[in-house]
Structures are given as C-alpha cells and as structure tokens.
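Residue numbers (our numbering), protein chains in the order written: chain A, 288 to 651; chain B, 223 to 516; chain C, 4 to 274.
Calculated directly from the structure, the hints in this document are not laboratory data. Just so you know, not all the hints are guaranteed correct.
[To be verified] Simulated crosslink set (EDC-like; lysine to aspartate or glutamate; CA at most 16 Å straight-line):
id	chain 1	residue 1	chain 2	residue 2
1	B	Lys323	B	Glu417
2	A	Lys627	A	Asp603
3	A	Lys401	A	Glu345
4	B	Lys328	C	Glu257
5	B	Lys328	C	Glu267
6	A	Lys455	A	Glu439
7	A	Lys353	A	Asp413
8	B	Lys323	C	Asp11
9	A	Lys469	A	Glu439
Keep in mind it's a predicted model, so treat the numbers as computed, not measured.
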Amino acid sequence: MTAGVDLDNVCADFGTFRAVDRVNVNIQPGEFFSFLGPSGCGKTTILRMISGFTNPSEGVIRIGGKDMKNTRPNQRPTALIFQNLALFPLMPVWENIAFGLEVRGVDKNTRRAKAEELLRLVDLPDAADKRVSQLSGGQKQRVAIARALAVEPDVMLLDEPLSALDLKLRQHMRAELRAIQKRTQVTFIYITHDQGEALAMSDRVGVMSQGKLQQVATPREIYDAPANGFVASFVGENNIFSGEVAGAEGAFATFRTASGTFQARLGPNTTGAKTRLFLRPEHVTLQAGPGALNSIPVEVTDVAFEGNFISIQSRDSSGQMLVAEARNDGAATVPKPGEKLHMVFDPAHALILAGDTAAKDPDA
Amino acid sequence: MKDLLNRYGPVLTSIFILLTAFWLLALVILPNIYLFENSFRPYLPIAEVGGPNDTYSFDNYLKFFESPIHIRVFIWTILYSSIVTVICFIIAYPLAYYLAKVADLKLVPTLFLLLFIPLWVSEILRSFAWFIILSLKGPLNFGLIGLGIIEDPIRWMTGFRSVMIGLVYTYVLFMLFPVYNAVQSLDTNQIEASEDLGAPWWRTHWRVILPHCKPGIASGSVTVFMLSAGSILVPTLLASTNSRWFTEIIQQWMFESQDWNTGSAYAFLLLIICTVFVSLVMRIFKVKLSDIAK
Amino acid sequence: MKQTRKSDWLFHTYMVLFLAYMLLPLVVMGGAAFNDSRFPSVYPWVGWTDRWFVELWADARMWNAFRNTIYVALAVVAISVPIGTAAAILVNSIAGTTRSVLYGLMIAPILTPGAVIGISTLLFWNTLSVPAGLHLAVLGQVSYIAAFVMLLVLARLQSFDRGLEEAALDLGASHMQVMRRILLPHLYPAIGAGAAIGFFQSIENFNVTLFTRGTYDTLTVYVFSKVRSGITPTINALALILISVTLVCAIIYEVRRRRAARAERMLLAKG
Chain A
288 MTAGVDLDNV
298 CADFGTFRAV
308 DRVNVNIQPG
318 EFFSFLGPSG
328 CGKTTILRMI
338 SGFTNPSEGV
348 IRIGGKDMKN
358 TRPNQRPTAL
368 IFQNLALFPL
378 MPVWENIAFG
388 LEVRGVDKNT
398 RRAKAEELLR
408 LVDLPDAADK
418 RVSQLSGGQK
428 QRVAIARALA
438 VEPDVMLLDE
448 PLSALDLKLR
458 QHMRAELRAI
468 QKRTQVTFIY
478 ITHDQGEALA
488 MSDRVGVMSQ
498 GKLQQVATPR
508 EIYDAPANGF
518 VASFVGENNI
528 FSGEVAGAEG
538 AFATFRTASG
548 TFQARLGPNT
558 TGAKTRLFLR
568 PEHVTLQAGP
578 GALNSIPVEV
588 TDVAFEGNFI
598 SIQSRDSSGQ
608 MLVAEARNDG
618 AATVPKPGEK
628 LHMVFDPAHA
638 LILAGDTAAK
648 DPDA
Chain B
223 MKDLLNRYGP
233 VLTSIFILLT
243 AFWLLALVIL
253 PNIYLFENSF
263 RPYLPIAEVG
273 GPNDTYSFDN
283 YLKFFESPIH
293 IRVFIWTILY
303 SSIVTVICFI
313 IAYPLAYYLA
323 KVADLKLVPT
333 LFLLLFIPLW
343 VSEILRSFAW
353 FIILSLKGPL
363 NFGLIGLGII
373 EDPIRWMTGF
383 RSVMIGLVYT
393 YVLFMLFPVY
403 NAVQSLDTNQ
413 IEASEDLGAP
423 WWRTHWRVIL
433 PHCKPGIASG
443 SVTVFMLSAG
453 SILVPTLLAS
463 TNSRWFTEII
473 QQWMFESQDW
483 NTGSAYAFLL
493 LIICTVFVSL
503 VMRIFKVKLS
513 DIAK
Chain C
4 MKQTRKSDWL
14 FHTYMVLFLA
24 YMLLPLVVMG
34 GAAFNDSRFP
44 SVYPWVGWTD
54 RWFVELWADA
64 RMWNAFRNTI
74 YVALAVVAIS
84 VPIGTAAAIL
94 VNSIAGTTRS
104 VLYGLMIAPI
114 LTPGAVIGIS
124 TLLFWNTLSV
134 PAGLHLAVLG
144 QVSYIAAFVM
154 LLVLARLQSF
164 DRGLEEAALD
174 LGASHMQVMR
184 RILLPHLYPA
194 IGAGAAIGFF
204 QSIENFNVTL
214 FTRGTYDTLT
224 VYVFSKVRSG
234 ITPTINALAL
244 ILISVTLVCA
254 IIYEVRRRRA
264 ARAERMLLAK
274 G
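Based on the provided sequences and hints, a complete structural model is requested.
Given below as structure tokens:
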C-alpha cells in the first residue's frame, strides 16, 4: 500500500513563533519527496506534524485523502525514521525490527520470519540476534529502515537519517534508499539540509526557508529554474550581481549592475521587487578577447584544481569576485593568476530573481 | 501536563497523578498540617476532645519557652549537631579527594564496598559498638593503657563527648559520598591547570576544588545535621545524665506523659530548626534544593 | 596512567586508618558475641562460648520482631517503588513552577527528621481513627523512602532518549506497550536499586517506627528495648549475624561485578 500526503494551508506556531507558515503541497502516492532547507526552516516540524507528534495550529493534513486531525501517532499509516534512528538499545536487532508487529499482536514465529526477510532486503542477513550497540553506523541505518518497513507503512518519513554517516557511506546509502523506495513503492518524505541528497534521490523537492515553502519542483527545475533568490543561492553555486532591471522585453530584460549592463532571462515575480542577477559558474567562459554581449573584463586571482573540474577565481574592475568552472577534459588550457581575460555568458543562462539570498549553511 | 498526556496517554497519566497525589497528600502534606494543628491544642481526656476546653493556644510552645532546661537541651542539640557536621566534613574531605583523584581506579569499587558495610549495618548496632568500646573497662581504655598513653581508664561516656563520637562514626559516610561525587565530577585538568599556573596545593583546594564541591558539601552537611539533630538511638545509648538530646524530650512527652499535643509542638520545633538549617546552607553555599537532594 | 607523588603515602595511610576506624568497631562488636561474659565486651576475655547464639535462637520475641521487620520492609518496597517511579515520570515531564513545587514537596520528607515523620503520621491517621501499628510504620516509612526511589528513577530518566518513546508510538504501540516494552526496561536498574535501598532503609529504620509501631516490635525496636532493659551479648550475636549477611551479599556483589567487568573487557577486545 502507498498513499499520498496533502498539506493544506498548514501552519505551526510555538508561542508567538511561527515555525511553519501556510504550507501547501500535494505529495503523490509512491513519490520520493524531499523537504530541503537550512536548519530551523521548519522542515522537521512538518515531518512531526505528518507523523502526529505535533499538531498543526491551522490547516489540514490528509494521508490517502483522510483528514488526520484526530488520528494519534500510533494509529497513522506512517513510519518515521528518526535523525538519531532511535533504535531500542535493550532489544536485539530482530526484536527492534519486529516491534511494530509485536504491538499488533503478531505471533513470535511470524515476527521472527518477517524480521529475517526484511534483514535480507536491507542486506544484513546475519544481524538478527546482534545487539544494537554491536552495529556500525551504516548497519544501524539499515535496521532503522527495516524496522520502519516492517509495519508496512503507506508513508515513510525520514528525518535527515544520513547526517551521522561519513561521506562515502552517505553516498552509498543514497542509492540504497532510492532502490528500496522503488522496490517497495512506498511514499518517501525526506527531510534534509543537504542539497546533494535532495537532488540525487528525489522525484520532487520542496525548498523551505523561514517556515515558508519557496518552491516545489523536480530537482532539475530547482537547479535550472529556481523560483527566487533564496532557492537559487541555497542550491548550487552562483555569481550574484546586485542591480536593477532597466527594461524588459518578453522573457528577457536588461539588467544594470556595477560590473556592467547585461541581457538576462527574467524570473517569476520580479515586477517591482528587489532583484539580483544569478549566474552559475559552469555557465560562464573565460576568453582572451571581449564577447559581443554580456562580457566582463576580469583579472584571474586564483586557480583551484578540483579533479573533475577546475575552479577559476577572478575580479572585475568594480572589485566583485567572480567564479568560473571549466570541465577538466584533459585538453583545457588553464589560465594563470594575474592573467587578464574576459568573462562571457549566454543571456539564457543568467537569471534575474527576486528575494533575499540564503546565508550559506556551513554544514551544506 | 499536555506533554504528559501526549507521552503516556490518559490512563497512565491518571495512574501517575493518583499515586503521586496519594503520596504527597496522605503521607506528606496532611500529616504535617495535622502536626501543626495539634501542636496548638491542649492535651485533654478523650471525653473532652472537641468540647469547650478544646481551643487553640500557644500553651504547648510556652511550655518550651518557660523551661530553661528544655531550651538549654535545644541549644545543645543544635550546637553539637553543628560541631558533628564540621568534624564529619574535616574527616571526609581528604578521603573524598583521595577516592576521586588519587586512589588507583581499579581499587575504588572495592574500597567503596568496604565503606558500604558499616552503612548497611543498622544505626543502632553501630552506636552499640561504640557503647562497648567506650565503656570504662572497654577495649579502648584497655588499648590506651596497654600502649602506655594513659595510666587510669578514662570515663568516656560523660558529657557530649561520647555522643559526638557516636554521631560522627554513624554519619560520616553521609558526608563522604556526596562530597566524593562532587570532587569526582571535577575535571582533573582543572586541578592540573591550577598547579601548572604555580598554585600551591592548599590554594588549588581552596580556589578550585572546594568551590566546585559546594553542592556536595551542602548535601552532606544537611544530611549529617538533620540525622544528628533527629537522632534518637545514639544519644540514648551513649549519652549520660548530664548530656540530653532534644529528641529524648520529645519522646518523654509522647510516651511517658502521653501528651501528643505538646509532643507535636516540640517535634514542630525540631522541624523548624532543620528547615532553618537547610535554608541557611542553601544561602551560604548558593545552591538549589535539587543540588542538595542527590 | 596517574603519576605517583610524594604525598600519596599520606593519603594511603589515612585511607587505611579510616577503614580501620569504620570496620574495627564492627569486629569488636562481633567478637563480643563469643565472649562468655554476662556483659558484652571483648575485654576481659572470659572464655569462648556459643551460648549467646543459642539464647538468641530461642528468643521468640526476636523471631516475632524479625518477621515483622521483613513484612514491613516488603510492604514498604511494594508501595514506595510504584509511587516513586510514578512521581519521577510525572516530575520529569512537566516544567516551570509546578515542577519546582512538586519536586520540593517530594524531597521534603528526606530532609525531615524521622521523629517528626513518625509523630505526624501517628497524629494524622489517629484522627482518621486508624490506630498505631505496623501498617502505620509502613506508611510513615513510605513517605520518605518513596523520595529515594523518585530521585533514583529521575536520574535514570534523564539519560532516557524520549525519541525512543516516539519511535515506539510511531510503530503503532499503545501507551501501555510503550511503558512496558520501552520505558520500564530502561528504568529497571534504577527501580531495582530503589527497591534494594528501600528494603534496607526500612529494616534499619528506627525513628519513624518508634512512634508509629503501637505495640508491635521490629528488629531495631527489639534491640533498642534490649539495650534499655538489660544488655546481654545476644545483641552481639544478632549483630554478628546481620554483619555476616551483609558481608556475604557484599562479596557476592563484588565477585559478580568483577566477572561482569572482565566479560566487558573481553567483549571490547573482541570488538
């Protein structure tokens, strides 16, 4: 079984603090949906409201079309994977997994069989009688997933479950989670502040900031067509120019900045708002001579070799620092610090967006 | 309250509240209110209880304030209980420090086990042991004469000397354990930092270790003082005619005179002095109630 | 590794002296149980005897007091453990002024002299026409022993991850099941310690019992009246038996502790 989750104008207040502000989203049955945002943006509160541990102060939460207002956490068709996993330390692995069945009165042999079946699913066939403290971080992770799957939930809720793992394991578990979700077809709702995780695993991503849902879209759209300055700056790297729209014609506009006047694509809701120009480092090129359009004379200040790409820092005449990324195809000529070049970009890749930018999260 | 309901549901929450309410109301609050109320009523034959003579007055308390002997015994009890508390601290502090910071870690549990043995042997037997030791022809006098320290046996059980010996022996562990816990929770690096900065050992103790131990010292002091002032067994066994303890007077009212009302007035005085001591300690050491109750 | 210092031998000596101070009186008291002297002492040594043990064994009053003591202790444990546990859970999940007031009331009995608890219990239940007796001794003792249980359980609760409760609820457990399978197993060590401490505290108790017991004897009261009415070395015999029981318990505990510590080390070594 799998079920969709609808959040209809949902708010959460803690005293005078509004942690979640009028969130509307329809999560489809069988979808892998992520809430992405910096810490304190309200994403964990949303998860706790779906699982029933926090009550929304306004709005309606529906699971499988059914209003959950008077359904207690232990009666909802959801299974939550906690950030610290919350495995029961006094029970062996198999009892942990079978706990949900135990409380439903399933007999011991069936429970044991089910636990072993799930342990095979998460690739831990020999762990049944181990103690939780004997498991490694990644193994605990799998046990937590198996425990949640054991109750055959319609919706699986995951609260940054990978944050405690090291980088290698985290990347491995991403693929694993995605595979489990595809196999079981259960709706996954995933909470993270790690954009890499959200983009790599999800069917759709909801970006949150200060309790508000900023944009809901596929990972590709989030990255290529961010709805506002926050989304653009929170997801991926940017060169950001402050300035103002000097004149719009259709989807494009002229944008005047201290570094020059550029042609760029006009984002949504920009009329009358404070706007900035966003330009991804991989969408600019450095060349010896000036370009016909959107060209900035710069001086290279630093070159960093990152393996699969090369990151080139430079400064324009106004003092703004700019970053360009070149793919390391083995043939590219790498400029040297001090070299004077021209940075050019296609108007289709430069976006004018409204709203504040994200303060860079040091964890992300 | 809402949190409690969310966590444990209505049935369990009701059980928790009922059990706690029974304890606090029927076993703590109401008995103390009755003690207070009864201390203002006269001691009457059963037939007259509730009659015209059953009126509130300060008579029971006046009995105390009009009796110089009772006042003297009261002051002695406070004074000697305080002295016992101080002696216990002086004995216990070096030990607590030793157990927490000097002793071999592998040895500590065994040492504690040995220290727990006298604690498990009841108070009355512990005072009885000293009753034997301190008797005129007892092993202490025998030993001291044998060693040539004294020539004639000493009459130990006179004045408050023997009572204090007994109280210190009986309650010193109640000072040791909280102070040990406090020293133990101090990061050894802080002691080393202090020494590294050139502080002599006594200054390290005075400025670094002792201030850290305040909650433990407060807890130990309150326990030792309360147990000493409220002790019935030790004074009964080890006191002489010229050293009486306040609890003995309470017993007299309760059992010999059968005057429970005056008895409760005196018991209330004992409660007041213990409460005053607790608040005094909390003031002096600037600690909270939760620091004391550990 | 701790470094050794010159002052260490002073500490070691002091520790040894203190242990002697704590334990020698018990040895003296135990030794006197075998001395064939009418008055309990180890000096002068009259001769070796076991008659004080025989006399103690034949003392019906002692056996009666012993039975009463055990009954009272069991009742005290049975009542104070649930009360103390419930109170700890209650106080742990509330906050603010209510919490401070409740907490203050709960630990007040620990800071109250036993005589006061005894007399107030006697007066209160007497007003309700409940006469003095062992049942009142139980209630009086529960009033402060429940506080010990509460403090132990509360300390243990502080190390409890409440996420575990939520995880269990989330998996569909009822509140009762969460209690039985998740919270109580975590609290068992504290509850067990509370029960043991409560049992010993009850056996030892004298001050509360003295005022509430009515005409019943418990062991401490029995010893007390013996001491008052004419001391005989049967008390020493009783003391020796009690000390031996304590010692045996202590040794069993220590052996088990060492074995557990060794098992843990081996587990760690294996990884």
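* Identify every previously stated hint that the structure contradicts and give their numbers, smallest first. => 3, 6 and 7
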